[in-house]
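Quick note: the sequence shown, position 64, residue 160 per this note's numbering, numbers continuous.
Derived by calculation from the structure, the hints in this document are not laboratory data. Honestly, I wouldn't trust all of these hints.
To be verified - Under the rule of at most 30 Å between Cα atoms (straight-line distance), these lysine-lysine pairs were calculated in the DSS-like manner: (1) Lys175 to Lys124; (2) Lys175 to Lys156; (3) Lys124 to Lys156.
Claimed, not checked - Just the calculated beta-carbon pair ranges, DEER-fashion: (4) Asp155 to Leu219: 31 to 37 Å; (5) Thr213 to Gly120: 45 to 51 Å; (6) Thr151 to Ala200: 37 to 43 Å; (7) Gly120 to Glu202: 28 to 34 Å.
Virtual Cβ for every residue (Gly too), placed ideally from N, Cα, C.
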Amino acid sequence: MQRFVEAHSRRGELAEALGFRLGGGRGKVLLQLRGGPMTLGQIAAAHNVDAPYATLIVDKLEAHGLVERRPHPDDRRRKLVTLTEAGHQAIATADAILLRPPRAVEALTPDELGQLTALLTRLTAADEAGAED
Numbered sequence: 097m098q099r100f101v102e103a104h105s106r107r108g109e110l111a112e113a114l115g116f117r118l119g120g121g122r123g124k125v126l127l128q129l130r131g132g133p134m135t136l137g138q139i140a141a142a143h144n145v146d147a148p149y150a151t152l153i154v155d156k157l158e159a160h161g162l163v164e165r166r167p168h169p170d171d172r173r174r175k176l177v178t179l180t181e182a183g184h185q186a187i188a189t190a191d192a193i194l195l196r197p198p199r200a201v202e203a204l205t206p207d208e209l210g211q212l213t214a215l216l217t218r219l220t221a222a223d224e225a226g227a228e229d
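My request is simple: use the sequences and hints to build the entire structure.
Here's what the structure looks like:
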């Protein structure tokens, strides 16, 4: 199983397409911003990190032109972090690469695909149940 997962990891392909890696929480923050602008405090709370680390993540995303800070409409002391057009494009690129099924999956028969889907559904449900504990 580990060999299959490692062989089909697309992080390298994504890094090559984007020109940089989205590690260190940057990918998760980028994807979360797809839902709309957030303050640094909201980003920190959502990812269970402290504010300085959230700032570091946003600084790196901003350096790549993927996000920008804008004044908060209700509180001029705070900033909203929002995706740029390049950020939206990076997400589209990530989706196209990371959500594409491996070739081995495409070769499965309908019955095999049904079995795989059932197993993955069970694993996902067990994972989610464990996260609630």
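| query | Between Gly120 and Glu202, does the C-beta distance stay in 28 to 34 Å? | reply | holds, 32 Å
Taking 37 to 43 Å as the hint, is the beta-carbon distance of Thr151 and Ala200 inside that range? Cβ of Thr151 to Cβ of Ala200: about 41 Å, so the range 37 to 43 Å holds.
Under the criterion that the straight-line Cα-Cα distance not exceed 30 Å, is the pair Lys175, Lys156 satisfied?
holds, 16 Å
Holds or violated: Lys175 and Lys124, Cα atoms, limit 30 Å.
holds, 19 Å
Exercise. Cβ-Cβ distance between Thr213 and Gly120: within 45 to 51 Å?
Worked result: Between Thr213 and Gly120, where Cβ atoms are some 32 Å apart, the hint is violated.
Does the structure keep Lys124 and Lys156 at a Cα separation of 30 Å or less?
holds, 13 Å
Verdict for Asp155, Leu219 (Cβ pair) under range 31 to 37 Å: holds, 36 Å
Consistency with the previously given hints fails for number 5 only.
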